[in-house]
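Novice: Based on the sequences and whatever the hints tell you, model everything.
Protein chains: 4
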Amino acid sequence: MLEELKQEVLEANQGLETYDLVTFTWGNVSGFDPESENLVIKPSGVPYKQLQPDDMVVVSLDGQVVEGTLKPSSDTPTHIELYKAFPGVKGIVHTHSDWGTAWAQAGKGIPCAGTTQADYFNGEIPCTRRLSKEEVEQNYEKYTGTVIIEAFEHIEPLEVPGVVVYGHAPFAWGTSPENALHNAVVLEKTSKMTFLSRQLSENGKPELLDDYVLNKHYERKHGKNAYYGQ
Amino acid sequence: MLEELKQEVLEANQGLETYDLVTFTWGNVSGFDPESENLVIKPSGVPYKQLQPDDMVVVSLDGQVVEGTLKPSSDTPTHIELYKAFPGVKGIVHTHSDWGTAWAQAGKGIPCAGTTQADYFNGEIPCTRRLSKEEVEQNYEKYTGTVIIEAFEHIEPLEVPGVVVYGHAPFAWGTSPENALHNAVVLEKTSKMTFLSRQLSENGKPELLDDYVLNKHYERKHGKNAYYGQ
Amino acid sequence: MLEELKQEVLEANQGLETYDLVTFTWGNVSGFDPESENLVIKPSGVPYKQLQPDDMVVVSLDGQVVEGTLKPSSDTPTHIELYKAFPGVKGIVHTHSDWGTAWAQAGKGIPCAGTTQADYFNGEIPCTRRLSKEEVEQNYEKYTGTVIIEAFEHIEPLEVPGVVVYGHAPFAWGTSPENALHNAVVLEKTSKMTFLSRQLSENGKPELLDDYVLNKHYERKHGKNAYYGQ
Amino acid sequence: MLEELKQEVLEANQGLETYDLVTFTWGNVSGFDPESENLVIKPSGVPYKQLQPDDMVVVSLDGQVVEGTLKPSSDTPTHIELYKAFPGVKGIVHTHSDWGTAWAQAGKGIPCAGTTQADYFNGEIPCTRRLSKEEVEQNYEKYTGTVIIEAFEHIEPLEVPGVVVYGHAPFAWGTSPENALHNAVVLEKTSKMTFLSRQLSENGKPELLDDYVLNKHYERKHGKNAYYGQ
Numbered sequence: 001m002l003e004e005l006k007q008e009v010l011e012a013n014q015g016l017e018t019y020d021l022v023t024f025t026w027g028n029v030s031g032f033d034p035e036s037e038n039l040v041i042k043p044s045g046v047p048y049k050q051l052q053p054d055d056m057v058v059v060s061l062d063g064q065v066v067e068g069t070l071k072p073s074s075d076t077p078t079h080i081e082l083y084k085a086f087p088g089v090k091g092i093v094h095t096h097s098d099w100g101t102a103w104a105q106a107g108k109g110i111p112c113a114g115t116t117q118a119d120y121f122n123g124e125i126p127c128t129r130r131l132s133k134e135e136v137e138q139n140y141e142k143y144t145g146t147v148i149i150e151a152f153e154h155i156e157p158l159e160v161p162g163v164v165v166y167g168h169a170p171f172a173w174g175t176s177p178e179n180a181l182h183n184a185v186v187l188e189k190t191s192k193m194t195f196l197s198r199q200l201s202e203n204g205k206p207e208l209l210d211d212y213v214l215n216k217h218y219e220r221k222h223g224k225n226a227y228y229g230q
Numbered sequence: 001m002l003e004e005l006k007q008e009v010l011e012a013n014q015g016l017e018t019y020d021l022v023t024f025t026w027g028n029v030s031g032f033d034p035e036s037e038n039l040v041i042k043p044s045g046v047p048y049k050q051l052q053p054d055d056m057v058v059v060s061l062d063g064q065v066v067e068g069t070l071k072p073s074s075d076t077p078t079h080i081e082l083y084k085a086f087p088g089v090k091g092i093v094h095t096h097s098d099w100g101t102a103w104a105q106a107g108k109g110i111p112c113a114g115t116t117q118a119d120y121f122n123g124e125i126p127c128t129r130r131l132s133k134e135e136v137e138q139n140y141e142k143y144t145g146t147v148i149i150e151a152f153e154h155i156e157p158l159e160v161p162g163v164v165v166y167g168h169a170p171f172a173w174g175t176s177p178e179n180a181l182h183n184a185v186v187l188e189k190t191s192k193m194t195f196l197s198r199q200l201s202e203n204g205k206p207e208l209l210d211d212y213v214l215n216k217h218y219e220r221k222h223g224k225n226a227y228y229g230q
Numbered sequence: 001m002l003e004e005l006k007q008e009v010l011e012a013n014q015g016l017e018t019y020d021l022v023t024f025t026w027g028n029v030s031g032f033d034p035e036s037e038n039l040v041i042k043p044s045g046v047p048y049k050q051l052q053p054d055d056m057v058v059v060s061l062d063g064q065v066v067e068g069t070l071k072p073s074s075d076t077p078t079h080i081e082l083y084k085a086f087p088g089v090k091g092i093v094h095t096h097s098d099w100g101t102a103w104a105q106a107g108k109g110i111p112c113a114g115t116t117q118a119d120y121f122n123g124e125i126p127c128t129r130r131l132s133k134e135e136v137e138q139n140y141e142k143y144t145g146t147v148i149i150e151a152f153e154h155i156e157p158l159e160v161p162g163v164v165v166y167g168h169a170p171f172a173w174g175t176s177p178e179n180a181l182h183n184a185v186v187l188e189k190t191s192k193m194t195f196l197s198r199q200l201s202e203n204g205k206p207e208l209l210d211d212y213v214l215n216k217h218y219e220r221k222h223g224k225n226a227y228y229g230q
Numbered sequence: 001m002l003e004e005l006k007q008e009v010l011e012a013n014q015g016l017e018t019y020d021l022v023t024f025t026w027g028n029v030s031g032f033d034p035e036s037e038n039l040v041i042k043p044s045g046v047p048y049k050q051l052q053p054d055d056m057v058v059v060s061l062d063g064q065v066v067e068g069t070l071k072p073s074s075d076t077p078t079h080i081e082l083y084k085a086f087p088g089v090k091g092i093v094h095t096h097s098d099w100g101t102a103w104a105q106a107g108k109g110i111p112c113a114g115t116t117q118a119d120y121f122n123g124e125i126p127c128t129r130r131l132s133k134e135e136v137e138q139n140y141e142k143y144t145g146t147v148i149i150e151a152f153e154h155i156e157p158l159e160v161p162g163v164v165v166y167g168h169a170p171f172a173w174g175t176s177p178e179n180a181l182h183n184a185v186v187l188e189k190t191s192k193m194t195f196l197s198r199q200l201s202e203n204g205k206p207e208l209l210d211d212y213v214l215n216k217h218y219e220r221k222h223g224k225n226a227y228y229g230q
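Residue numbers (the working numbering), protein chains in the order written: chain D, 1 to 230; chain A, 1 to 230; chain U, 1 to 230; chain Y, 1 to 230.
Heads up, some of the hints might be wrong.
Because identical chains share one entry, a pair is satisfied inside a single copy or across any pair of copies.
Simulated crosslink set (SDA-like; lysine to any residue; CA at most 20 Å straight-line) [to be verified]: (1) Lys142 - Gly229; (2) Lys205 - Ile149; (3) Lys133 - Gln52; (4) Lys133 - Ser176; (5) Lys49 - Glu11; (6) Lys224 - Gly123; (7) Lys216 - Asn139; (8) Lys49 - Glu178; (9) Lys133 - Ser201.
Just so you know, these hints were derived from the structure itself, not from any lab.
Specialist: Below, the structure is given as structure tokens:
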């Protein structure tokens, strides 16, 4: 089942290495099939180079393995929460990429300091709140989804397709596994650029992009009158 | 038409990846033919590896597509403004390279802090002023050209063949597409080196190169008595 | 003798280059055979690419070469001290990897600032005390082992499988040469991430990971109810 | 003539790219033949990949081209000054490597903050004084040699085989072209490590290595009782 989606999820997982977003097996990509309401996700702890399409695990939104002989990623409950809460999202990426993780560890969102971010994210990439002790001990991966969803209470997830989880690392998403991977790459790039530009500021705060430039860049790629690309 | 220039523009665009100046399709190179007053530019949003010479788009200085079936880069109006204002410039490069973009995001020019920059840039690489809301909404890409030209009111463009646009990223240029690419590489290198040397200073300001060393280095490569190379 | 271990030690030494942990011959890996109480270690100063299994040197815990025609790594006495003091350790890695060495040079342990570290290290990666003049002059490499052991007086070595030696560089260890290499890679990654997140903090101190998240991450990979992987 | 030395100089020049020390043609290596008192040096501005042994230029200590059809590196007069002043030096490397150049631009020597530097440099890698306007205008490349020599008035050049020239970039040397290249790689590595460890210090000054550790490390590789390697 879902053979095409398995292939897409496989390729996006391998793309994590192509774009230098992971060390060892520290990242995973899933894809969502809205019709069957199942997700397809990387098996836990398996090196990307060894992955075959049939190693991908099909999981239902209530967390049951529907198909597959391997154990799904330990982060599966986080993916499930996000698919349930964010309509239209059909791909999710989790990485421990260097620069994004640095912002996560600092407990800070990545402010929109340049057009590189504005081309894909309509504003700051937020940082979640800390998880409480109870949340961590009771159902850590599920509540990781919860704090992400809370951070997007007033933000449209497909307009700001990524987040850094406090003390942890980035998640990114999109309209497909490939698009989610794309956004994860951008999140890492802009994490680096804005780290650097913040170091160049006199007061330790990065210069922010003017709102009207942010809007312009976001809209020329994503608005209804978008004119970037063919 | 302009087959040779198309080939040069193609190769310089592919050079953006060779020199690690771009992610995805975040950069473009154009070339200018002074005789016909046409420019040749990368099509918008097409991956570099897929590009063929005939994908290059020929555009006139009034912005009309003269030849080509693809849409030209969305930054074409910026290139046009620069070719109109900077005589002798026959190649322009735009990138979102990491370190140059950091300076752009900080709203700071790259001071001449060493001979590496002085070998190619006769002084500081300036940062443009911010664009106004009106400029952004009315004709963003054209006015991006305008603010670059303003920054060069008292600077000879071919002596300082690059700039960082406030909140955005670098542009570089030269006497050919290849030469413009070369200058974009130098801009990125010197952006990194001077970021680092600034961090080593006690007062947060980079040590500047003495004027007479700057002149010496620039002149030994570019002056009429230049003696570098064969 | 110990042919299998020699092969493992060889591969882990070559892994130092694969994971970009060394320049020239600035690193070495050993493996320990608890039955014979011998260790197998890289020969001193030989490039990784030239190494053959039979070049590995077998050394006893009293420092005698048991087998091999080449001189063992000059750091052998440090490895010996650690194998004698840390039961269960069967592989040790020494590198001068960039970011880990930076922390060593600063004389600072790497605080646990994120889940990346918590996945492998149950807390801060400590920095040893300085060696005294007498220790350095009398038996430098042996006392390098001594100061590492002192740093683990109240820490279980297999729960925090790495250290930075004051003014010097990292050591990491594990249950096999391959596992020790794995931990050396993590030490380098987390050294970079926490360097960066420390730069993002307002007061020059990195934000620390909450204890209950640290425990959760460490336990889900290493506790008796671990559920990461297949 | 000097066919063997030409080959060594060629390989060391190509090593500049292997070890990522140069961009374009921003670096050169020479070798010295004490018998004939000639040096062999890279031709100016020729890409490393195109170089053939016979492209190397033979130059006498008074600056005359003895053999070769190409123009020697524009930095030849600096190399000549160093060979004349530093007996035993038989290879010199000049690069604009990123981290070493950052220290040069900051006008600071690289303090010995760790054993990585101590393994090859018996103390701080000095920074020269600024050149005066007269020196730059009269004979820039020769006086670049002069300020290097001045910095070594109280230092044995083969014990500290490298320097950063104020506002410019590193030079390194050694007992052969290959050994000089080796030292240039170490200079770059330690420039990075000590930049990073300096950022980790509370007062903006890097922690220094204890003298007795510095001596120990230097002597175990270079002293008469050296015991590193085979």
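Novice: Can you give me the call for lysine 224 and glycine 123, within, between, both or neither, at a CA distance of at most 20 Å?
Specialist: Classified as within; 18 Å inside a copy, 43 Å across copies.
Novice: Between lysine 133 and serine 176, at a C-alpha cutoff of 20 Å, which is it: within one copy, between copies, both, or neither?
Specialist: neither (33 Å within a copy, 34 Å between copies)
Novice: Checking lysine 133 and glutamine 52: alpha-carbon separation at most 20 Å within a copy, between copies, both or neither?
Specialist: neither (38 Å within a copy, 51 Å between copies)
Novice: Reference check for the pair lysine 49 and glutamate 178, CA-CA at most 20 Å: within, between, both, or neither?
Specialist: Result: close both inside a copy and across copies, 17 Å intra and 18 Å inter.
Novice: When no copy is specified for lysine 205 and isoleucine 149, does a C-alpha distance of 20 Å or less occur within a copy, between copies, both, or neither?
Specialist: This pair counts as neither: shortest intra-copy Cα distance 27 Å, inter-copy 29 Å.
Novice: Please sort lysine 133 with serine 201 into within, between, both or neither, judging by C-alpha distance up to 20 Å.
Specialist: neither (36 Å within a copy, 23 Å between copies)
Novice: Classify it for me, lysine 216 with asparagine 139: is the Cα-Cα distance of at most 20 Å met within a copy, between copies, both or neither?
Specialist: So lysine 216 and asparagine 139 pass the 20 Å test across copies only (10 Å; inside, 41 Å).
Novice: Using 20 Å as the alpha carbon limit, work out where lysine 49 and glutamate 11 are close: within a copy, between copies, both or neither.
Specialist: both (10 Å within a copy, 19 Å between copies)
Novice: Cα distance capped at 20 Å. Does lysine 142 pair with glycine 229 within a copy, between copies, both, or neither?
Specialist: between (38 Å within a copy, 18 Å between copies)
Of the numbered hints given earlier, the model fails hints 2, 3, 4 and 9; all others are met.
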